[in-house]
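Asker: Top to bottom, those sequences are chains S and U. Add 4 to a position in the first sequence, counting from 1, and you land on the number used in our numbering. Add 1 to a position in the second sequence, counting from 1, and you land on the number used in our numbering.
None of these hints come from the bench; they were simulated from the model. Any given hint might turn out to be false.
Going by beta-carbon spacing under 7 Å, a handful of chain S positions derived as facing chain U [what the hints assert, rightly or not]:
| hint | residue |
| --- | --- |
| 1 | W18 |
| 2 | Q22 |
| 3 | L26 |
| 4 | A36 |
Keeping only pairs whose Cα atoms sit at most 25 Å apart, straight-line, the calculated SDA-like set for lysine to any residue is [stated by the list, open to error]:
| hint | chain 1 | residue 1 | chain 2 | residue 2 |
| --- | --- | --- | --- | --- |
| 5 | S | K41 | U | L132 |
| 6 | U | K6 | S | L48 |
| 7 | U | K6 | S | P47 |
| 8 | U | K13 | S | S19 |
| 9 | S | K41 | U | M22 |
A virtual CB, placed ideally from N, CA and C, is assigned to each residue, including glycine.
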Amino acid sequence: MENNIRALRAERGWSQQQLADLLDVSRQSVNAIETGKYDPSLPLAFAIARLFERHIEEIFDDGRSVAKAAE
Amino acid sequence: MTQPKGFRTANKRYMRIFVPMMALYCVAISVALTFIDLDTASTGVRMGAAVAIALPLIAILMAILRLVRETDEYTRMRQLQALSEGGVMLTGAIFILGFLERFNVIPDIPLFLFGPGFFFFYGLAHLRQSLGKTV
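My request is simple: use the sequences and hints to build the entire structure.
Answerer: Here is the structure:
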């Protein structure tokens, strides 16, 4: 799953460690999520969205639109 | 089951057990090797020494299990992968060495070496993860 966490983090001038501290996860977790190696659980995805003040869909994209899913 | 407590808290709780227990282990094994004569010490003394050395290690293992339950989801996944890979590698080594022993190819191997052996394979599994390798 793709995401734009790195860009959002850069906008705020946060390091991966700072973002990890805010989410109370390891820096390795942040790196794994940013690079797409790991997809976060729903609670963690919501926590990330709340932190960046965005909707989940604005941060994470699984490549399938709602219109395609309805077909 | 213990609820996740977040990465930092879980790590602090783990270190609060690991550091003193590792110190206790080092002291126990140093005292035992220095002052206990295996040829002359009573069974009770030798048993007490063995238990005193093993108990801190068991406490560390329990702390690792608690860390796995309490830490963040990604770290938990990696720890569980490392523990299971380490366990599988150790079991494989036991099978190989065990049959080599039974067929008298190699001499008897002290059982307690499989303890450090597990931590070696556990560390190896972590290293493989860091290098991006999977089974």
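Asker: Would the pair K41 (chain S) and L132 (chain U) pass a check requiring their Cα atoms to be no farther apart than 25 Å?
Answerer: holds (13 Å)
Asker: Between K6 (chain U) and L48 (chain S), is the straight-line Cα distance small enough, at 25 Å or below?
Answerer: Within the cut-off at roughly 13 Å; holds.
Asker: Are the Cα atoms of K13 (chain U) and S19 (chain S) separated by 25 Å or less?
Answerer: Holds. K13 (chain U) to S19 (chain S) sits at ~22 Å (cutoff 25 Å).
Asker: Are Q22 (chain S) and chain U close enough, Cβ to Cβ, to be under 7 Å, as the hint says?
Answerer: violated (13 Å)
Asker: The hint names A36 (chain S) as touching chain U; please verify it with the least Cβ-Cβ distance against 7 Å.
Answerer: holds (6 Å)
Asker: Straight-line Cα separation of K6 (chain U) and P47 (chain S) no greater than 25 Å?
Answerer: Roughly 14 Å separates the two Cα atoms, so the pair holds.
Asker: May I ask you to test the interface hint for W18 (chain S) with respect to chain U, counting a Cβ-Cβ separation under 7 Å as satisfied?
Answerer: violated (16 Å)
Asker: Interface hint check: L26 (chain S), Cβ to nearest Cβ on chain U, cutoff 7 Å. Holds or violated?
Answerer: L26 (chain S) check fails; min Cβ-Cβ to chain U is 11 Å, beyond 7 Å.
Asker: CA of K41 (chain S) to CA of M22 (chain U), is that 25 Å or under?
Answerer: violated (35 Å)
In the structure shown, a violation is registered for the earlier hints numbered 1, 2, 3 and 9, in ascending order.
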